[in-house]
Amino acid sequence: MVKSLTHSHIYVFDQDEALDFYVGTLGLDVHTDVDMGFMRWLTVNVPGQPERQILLEKPGPPALDEATAEQVRELVAKGAIGLLIFSTDDCREAYESLRAKGVEFTQEPTEHFYGTDCALRDPFGNAIRITQPAAEPREPTAGC
0 MVKSLTHSHI YVFDQDEALD FYVGTLGLDV HTDVDMGFMR WLTVNVPGQP ERQILLEKPG
60 PPALDEATAE QVRELVAKGA IGLLIFSTDD CREAYESLRA KGVEFTQEPT EHFYGTDCAL
120 RDPFGNAIRI TQPAAEPREP TAGC
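Going by numbering that gives the first Met the number 0, the letters in the sequence shown line up with residues 0 to 143, in that order.
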């Protein structure tokens, strides 16, 4: 039976630019970077969590034909697909630190029933949320 989730993926248009953002800006670690001939297998992980990798995948062969890859690129650029949610001990500090690095946010730190989070997009359009879980989550309410 299923034991754990080890990999997830997001589409990126340029894997070197993705490395610069996810490693250089967000502080993730490179887990695997291998040229497989038909594609580059590039994964990153949160420091100290190598068992949970994110594949930074270019849309295209072998998984997608060129017409489908173009549709995927359009959807990613619009922010319609692709989402990562990271946790932090201090959402406001993470927000300020990343803003100082030039990251543009789509939502400032906001209180929710589950904690405080903020939102940004990577250079390609993928949505990213950074969440500080509430010490004691409260019941969700309408609009929260």
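Warning: the hint list may mix true and false statements.
[Stated by the list, open to error] Now the in silico label distances, taken between C-beta atoms and shown as ranges:
1. 13 x 61: 15 to 23 Å
2. 100 x 79: 19 to 27 Å
3. 12 x 86: 25 to 33 Å
4. 23 x 0: 33 to 41 Å
Hints were generated in silico from the structure; no laboratory data involved.
By construction, the Cβ of each residue, glycine as well, lies at the ideal position given by its N, Cα and C atoms.
Looking back at the numbered hints, which does the structure fail to meet, lowest number first?
Those not satisfied: there are none.
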